[in-house]
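Quick one: dock chain against chain with the hints and give me the complex.
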Amino acid sequence: MAIINNKKGIALEKSDIILGFIPLTDCAPLVIAHEKGYFRNEGLNVTLSRETSWAGIRDKVGLGILDGAQMLASIPVASRLGVGGPKIDMISAMVLDLNGNAITVNNGLYDHLYAIDSRSEFSPLIAAQALQCVVEENKRSKRPKLRFGVVYPCSTQSYELRYWLASAGIDPDRDIEIVVIPPPKMVSAMTDGDIHGFCVGEPWNTLAVQQQLGHVVATKYQLWNNSPEKVFAVSESWSNENPATHQAILRALIKACIWLDKKENRKTAAKMISQAPYIALPEETVALSLTGLSLKHYGQMPEKVDDFHVFHRYSANFPWLNHAEWFISQMYRWGQLTTPINIEETVAAVYKPALFRIAAEAIGLESPSIDRKTEGNLHEKNMLTKSQHIGPNQFLDGQVISVGGIIKYLEQQSLSKADIPALRLINTQNEAK
Amino acid sequence: MKVLLIDIDDTRANIIAPVFASTGIDLINLNNHANDLYQLVGEMHPEIILVDTNSSNRDTLEHMAQLNKSSPRTVIKLGNSRSESINRLAADAGISIYAIDDIPPSLLQALIDITLSYFYSIDRLKTEVQALKPEVDARQILNNAKKFIIDTYGLTEAQANDLLSKNANRQGRSMTDIARQLIETGSFS
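So the sequences go chain by chain: A and B.
The letter at position 213 of the first sequence is residue 213 when you use this note's numbering, and the numbering goes up by one with no holes.
Each number in this note's numbering corresponds to the 1-based position in the second sequence with 433 added.
Simulated from the structure, these hints should not be mistaken for lab results.
Hints may contain errors.
Non-contacting residues of chain A with respect to chain B, defined by C-beta distances greater than 10 Å in every case (computed) [unchecked claim]: (1) Tyr114; (2) Lys185; (3) Trp259; (4) Val305; (5) Ser369; (6) Leu425; (7) Ile426.
Simulated crosslink set (EDC-like; lysine to aspartate or glutamate; CA at most 16 Å straight-line) [what the hints assert, rightly or not]: (8) Lys185(A) to Asp534(B); (9) Lys87(A) to Asp534(B); (10) Lys510(B) to Asp89(A); (11) Lys373(A) to Glu344(A).
Just so it is clear, CB atoms sit at the ideal spot from N, CA and C, and this is done for glycine as well.
Isolated chain B (complex conformation) (with noise of 0.2 Å):
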């Protein structure tokens, strides 16, 4: 099976590579190709095509598709129902589906969801680490201040913590707060 990359720039083609190799799908990335797409298109014989949302080319596509009945058309239903998931592979990956006729529903549907869980993982991987930065952050500053009072007064861990949280408490600021100006300052206020 023959799937072509129109237009979907290197980050996203990445993703999508190892997915459609891995099912046995041929798969061709025309990225910023020169030559005429009715003639790249026609000789490929594509399947499916997987085109950036918001290129340019896509209303050639739509023309070819009108031209020659066997050519991928867009697909924005499966069957008879409304897709969730082609919205947000439109939406969220900023790619479009075509495909010819002859190919089930079931097939498509599978190879997009498959496609949207990659975008993603890698997607929430990314939110999620960002949301864990401050408190990484913090908790160094708070490893690095108790360090600081452990070799200068030479005190245990755990009555480096104790001071660190009775200044806190006597401040009404955070620990992290005295950890921070501590490690900046030397001073605990």
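One chain only, chain A, in its complex shape (with noise of 0.2 Å):
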């Protein structure tokens, strides 16, 4: 194996590099590393590789086909738990963004919700409330149940529709229909008729609205401020194998983050990332969402929302042992997760702040000093000054969980499958008072 130095003369043990990535709007910290030369300079000669759905990435990652990949935040999670797929000793040291997603219905699905309730327009919580009397409407009527498409069974965006949903009462698993499809499919599903909304990452929902199909009816920030979305994952083995290259990877992906959030980049970004090789999309469909204007309908100005992709500000790289757990969490509440583990070695085992930190110190950095933070505290109208530290991180249905306290917040939601004294005994030690 040649042993290469990279400007700062540290040997890498490898320094031809594949990196997987899915066209969305977030594969632009591994574009942007890129087309930027943070990888080059770090002496790694990366190829990307566009990749066609999560299993296949999930999978290549674990077999050794590529190095790292953009990955959903839950994946390393539900891989090291074999939930929804085979186990994988995948780890993940780097957080790529925060927010992204967005729920979508079709026309006739949205007009009716319109009817129901005209503020479903703007609040989430009242379309779902509206969806509700649909659902309700179609089992009297005995009509078929709606169908919603998301991208991956354990990902953030199944998650996101299920938390959606259950805010209104509706049971995911047993009021609609949840189906599989992968996030350049999505759009082309609902103008077939397949599906009547979905859960999809950018620039899908900008898109589907472009098309005039269907109307945002709720964002992933509006669902939980400022959550984690995709992250960097290599499998645990490679990290042992390769540790200078993995840190050299991260170094340039946080560059490229810091890069990416300055708003006058956005631009520049939009034309990079929605090239052929990588999203292959019209330059405006992908540059709305990345510069805060969030499309939510068909002909209307649209929202200004300047954390509709965060790529770096409010600690947004960090891996919070927190959000693994959150993961862990809705794994239990719907049933996909039944063996009690103990959540808190398991997040450690996936979750790698420490890698993290080494990696922004080298690049002169702070990250944080916790590993853990509180979340549903902090809204959105309280924070005096925006803190580049840290962000809104208000959830739809104002719930908290403090640090410690993920069986409490979990043994709050409502429709859930979860275990809890089984749960409660194996983590027992670990629970806040």
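Here you go:
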């Protein structure tokens, strides 16, 4: 194996690297690190491989065909537990972005929601309640269930859609039908009438609205402010064999995220990532959400949402252990995970704040000194000055999760399939009193 | 036993089909299907699915495995050990494998090995043929040149060979070079 030295004279175990991505707006950190030479500056010769499914990305990282990849923040956790797929010891030392998804419903369903309550236009909570009325109507008249698309069974989008539905008492496993469709096929599935709605990452919601197929009824930001979306993940064995290379990739990706978070760079970024080898969609479609404009309804002025995509501020890149805990809580809630496990140990095996801190320090950045934080306690309106280190973190349903309080939180969730006593038995020492 | 092929192109399906048929496996090829995959797989109850590693239908297959415990699920390990052959099946043949839980790892291993050996033999042949081509071409040129000499000057084959070899030595060029020139220009220099 050739040992290649980068500028700083650090020996890399490997310099020819293949990283996988899915055509979504938040593949941006990988594309920018590549296009702007951040990888090259670290002595890395990176090939970006456009992948067509999350299962494909997951298996290729597990099998060593890819060195690393952009991944839904929930996949490394699910893979470690073998939930919804094979057991793969995946780790993630870095989050690539926050927010960025939305729930879109087709025109027919939207008109129905609007007729029930016109505030569905701007309120995700009211839209969900209106949907609950539609679901009841359908049940009474014995019409088939509504069908919603998500991108992967254990995906952030699946948990977001379920969260939104459950907020109005809709049971996602009984009252509607959820199907899995990869992001680039989502819009055409709506065109073909296969699905009534979907939860997917950008630019696919904007595209559906621009094509006058549907309306956005909720954004990921509205469901849980500044929640993690994609991570950079590698297999644990790869990381152990290539520690310096892993650090070099992390440094390059953090630099790309810093660049991407600057408002003035977003237009350039849209131009780069919309190109054929990456997303392959019109620049205007990609640029909207990336420049902080949330298009929910065709023909209306898009809303200004500066935090629609967050790539760096609010300590976005830090792999918070409590975020991994939240994914596990949702796996229990929806019965995807039934075996009681030690949650604290599991998340610490998957998310690696210590590795992130090393990379951040090497490029002169400060990292949070704690590994977990409270969620749901900071409202947009209460943020006096816009802090760069901490952002709003409200949930749609107003719940709060304190550090160490994940089981208590899970206990309060509606429609939950979690076996709380069994979980308490295993996690007893860790729970906050 | 029922095996389903999803998004495997004809070139590869034609390699796999006879192998599986000869073991008595019922092979169903779903290439370019237009129908709902949930319905198709639900009705067919395949025990093994071979799918293109880069198929965009894979996440849907994952979902089916999650909804129904008796659906085939992704295999990336055989028993407890990491399998090199599964890796090669994905990396070289671009095929990922899904199987129901009761298929014994040894049977899966055998099927993967047989499939791989077919892919390898065809690929290896192609590579070897490519490697042979320049040598075969050179041989042909030499033969043509010798025939030309024999026909034109009424020499024996040994004498023709001698003539080409001497000219090659004198000019410091290869015999093939001299032969090619002779055929193209009718002259040794």
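Now the hints, each set against the structure:
Residue placement check: Tyr114(A) keeps its beta carbon more than 10 Å from all beta carbons of chain B (closest about 29 Å). With a least beta-carbon separation of about 6 Å from chain B, Lys185(A) fails to lie farther than 10 Å from that chain, contradicting its non-interface assignment. A cut-off of 10 Å between C-beta atoms confirms that Trp259(A) is not in contact with chain B; the least separation is 30 Å. Listed as outside the interface, Val305(A) is consistent with that label: its C-beta sits roughly 28 Å from the nearest C-beta of chain B, beyond the 10 Å cut-off.
The claim that Ser369(A) lies off the interface holds: its Cβ sits roughly 37 Å from the closest Cβ of chain B, which is beyond the 10 Å cut-off. The beta carbon of Leu425(A) sits about 25 Å from the closest Cβ of chain B, which is more than 10 Å, so the claim that it is off the interface holds. At the 10 Å boundary, the C-beta of Ile426(A) stays outside the reach of chain B, the nearest C-beta of that chain being 23 Å off. For the hint linking Lys185(A) to Asp534(B), the alpha-carbon distance of about 30 Å lies beyond 16 Å, and the restraint is violated.
For the proposed pair Lys87(A) and Asp534(B), the alpha carbon gap of about 14 Å is at most 16 Å, so the pair holds. Proximity of Lys510(B) to Asp89(A) is assessed by CA-CA distance (about 12 Å); at most 16 Å being required, the pair is judged to hold. Distance hint between Lys373(A) and Glu344(A) is fulfilled; the C-alpha atoms sit about 14 Å from each other, no more than 16 Å.
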